[in-house]
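Please arrange chain B on chain A, whose structure you already have, making use of the hints.
Chain by chain, the residues run as shown.
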Amino acid sequence: MRFSRTFPWLRRSSVDDFADAIRGELAEIPVPPADDRLLARVMESRGAGARVILPTEDPSRPRRGVLYASAVAAAAVVVMIATRSARERRDTLDIARNSWLLGDVAYAQTARADRPTYAAAVPARSDRLRPIALRYERRFTDAAGRTTAKGGLHVSLAADTIGGVSVWRATAVSMLPTGGVEGDSVWMATRTLRPLRAIAEQSPYRSYERIRVDQRMDGLRFSGEMRAWKAGAVSAHRTFDRQLDARFAPYISDAFTPLYLTTVPLARAWTGSISVLGWGVRDDNVFISIDLRVDGEDVVRVPAGEFACWRLAMTYAGRRSWYWVRKSDGVGVRTLDSSDVRTRGIRESVLLP
Amino acid sequence: MATPAERLSGADVIEDLYRRHAGALMAVAYRLLMSRADAEDVVHDLFVGLPEALRRYEERGSMEHWLRKIVVRLALSRLRARRHVTLQESAEPVAVSPDPVARVTIQRALAALSPSLRAVLVLKEIEGFSHAEIAAMLGISVAASEVRLHRALRQLRALLSEDHRA
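The listed protein sequences correspond, in order, to chains A and B. Here numbering that gives the first Met the number 0 is used: the first residue of the first sequence is 0, the next is one more, and so on. Here numbering that gives the first Met the number 0 is used: the first residue of the second sequence is 0, the next is one more, and so on.
The shape of chain A in the complex, shown without the other chains (with noise of 0.2 Å):
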């Protein structure tokens, strides 16, 4: 009996036996190191002005006393925030736009000075794609749990043409946590997938009743324009005409993200890096580049079914989530990012039927 020598506690009869026989094994169980890589990683993201607000204190049951400094405590950061927010509403126009893949904060770091991680994830496989309609839901989690706000995406993807030449359109039309409804049109090159035009527009708008970004690419040149319209007339007006960096190419149109790694062969240990582009109004919203890396491959359960799947870890700005996509189309799943630091939760997106 091979286990009779390694367990021989197995044989005690009693849990609490079991339990004083097992402690110092369990204790044994080798664990990670945490090494100077993490560390660097958390320098990094103080550096990059992440920050989090940890849970120093229990989520249930709060004391009489605590309660009322919790309540304090909250009422305090509600109107830092809320500074803050109006700061913003009065400085900027168009801050960041709210990206299915990498929540609202995505885009406050865009121009990097060096080159992604990983080679290009270049779309090896245009032709698997396919019309489709795809629904999903978000939802925002503080750290006990508890949903604090739901949203919703559909996302499609159809034939079109531009100037009598055949193209994709992707279209995702989003139904935010806020109330707003921000609507995104790609319309891509069939085989290449690169954005040949895109269109965005979110209502409301901060101050606004709605904005509309029209974007048009040509090769790496990414020109177009925004408006922004009050009490029925445009109230605000910008151009902006960039040029792209190679180096970080491909670029992709956030309403076809959940759709791009339908297209790339993915495998174990698979890495590569992509790049999702923002309004290019502001020079600070430009593209997001992000390192994509196959991490394992999971069972996924979400509203949609059960699903094996390929589980993507996404590095970008110092950040760090979760992706799954599923293995038999590479059709996004499901999203989770809990280093959202606007949203101080956890943000989750998950596939519908």
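Each hint should be verified, as a subset may be incorrect.
Claimed, not checked - Non-contacting residues of chain B with respect to chain A, defined by C-beta distances greater than 10 Å in every case (computed): (1) H43; (2) M62; (3) A111; (4) P114; (5) E124; (6) S129; (7) A142; (8) H149.
Said to hold, decoys possible - DEER-style ranges, computed between Cβ atoms: (9) B:E161 / A:T191: 49 to 55 Å; (10) B:M62 / A:E224: 52 to 58 Å; (11) A:L219 / B:E161: 58 to 64 Å; (12) A:S13 / B:G138: 27 to 33 Å; (13) A:D126 / B:E161: 43 to 49 Å; (14) B:D11 / A:V121: 42 to 48 Å; (15) A:K326 / B:E161: 25 to 31 Å; (16) B:M62 / A:R36: 20 to 26 Å.
Claimed, not checked - If the Cβ cut is set under 8 Å, some of the chain B residues that face chain A in the computed set are: (17) E14; (18) Y17; (19) R35; (20) D40; (21) V42; (22) F46; (23) V47; (24) G48; (25) R55; (26) R72; (27) L73; (28) V141; (29) A143; (30) R153.
Simulated from the structure, these hints should not be mistaken for laboratory data. All of these numbers come straight from a predicted model, not from anything done at the bench. Just so you know, even glycine gets a beta-carbon here, dropped at the ideal spot from N, CA and C.
Here is chain B on its own, set in the frame of chain A:
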């Protein structure tokens, strides 16, 4: 005269605290999450938020105990978030010694427990928290914590026995 919080919140102090405590904190997070990547994320988040959190540190207990409780709360939050995921390879074996067979077997059995049972087992038997502390962290009663520990131990023994017979 600097306050305790001010003394503790310098950037160089973060590195010092990391050198002193990160290993133990990583162990707590890993045993709860059974995933190196998730454990690293938890430790990362802790140290990113530490300078601000230190202003709420009152030096009543040991620094390590305070940090461990925060790590546990972060890890539990992450466990709740991934409740829809069934891991095929839930335990990611790391370097094993001195008895590789026994270590990997126990590690797999621990990973096979439900997160709610594993949390109580890890917090009580490895980390040494009291049932009252565990109950507060998990938002359950002390009695429920005791019941979960008993169930966790019984299931762990059954899992090891199955492996033993296999």
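Each hint tested on the structure:
1. H43: Check fails; 6 Å does not lie beyond 10 Å.
2. M62: holds (13 Å)
3. A111: For A111 (chain B), whose nearest Cβ neighbour in chain A is about 13 Å away, the distance exceeds 10 Å, so it holds.
4. P114: holds (12 Å)
5. E124: violated (5 Å)
6. S129: Given that every Cβ of chain A is farther than 10 Å from that of S129 (chain B), nearest at about 13 Å, it holds.
7. A142: Non-interface label on A142 (chain B) holds, nearest chain A Cβ at 14 Å vs cutoff 10 Å.
8. H149: violated (6 Å)
9. B:E161 / A:T191: 49 to 55 Å: holds (53 Å)
10. B:M62 / A:E224: 52 to 58 Å: Roughly 55 Å apart at Cβ, these two residues keep to the hinted range, so it holds.
11. A:L219 / B:E161: 58 to 64 Å: Since L219 (chain A) and E161 (chain B) have Cβ atoms about 59 Å apart, the given range 58 to 64 Å holds.
12. A:S13 / B:G138: 27 to 33 Å: holds (30 Å)
13. A:D126 / B:E161: 43 to 49 Å: holds (47 Å)
14. B:D11 / A:V121: 42 to 48 Å: holds (43 Å)
15. A:K326 / B:E161: 25 to 31 Å: Taking Cβ atoms as reference, K326 (chain A) and E161 (chain B) lie about 29 Å apart, which means the hint holds.
16. B:M62 / A:R36: 20 to 26 Å: holds (24 Å)
17. E14: holds (7 Å)
18. Y17: holds (5 Å)
19. R35: holds (5 Å)
20. D40: holds (6 Å)
21. V42: holds (6 Å)
22. F46: holds (4 Å)
23. V47: holds (5 Å)
24. G48: holds (3 Å)
25. R55: This hint holds: R55 (chain B) lies near chain A, its Cβ roughly 5 Å from the closest one there, short of 8 Å.
26. R72: holds (4 Å)
27. L73: holds (7 Å)
28. V141: violated (11 Å)
29. A143: violated (12 Å)
30. R153: holds (6 Å)
Hint compliance for this structure: hints 1, 5, 8, 28, 29 are broken, all remaining hints hold.
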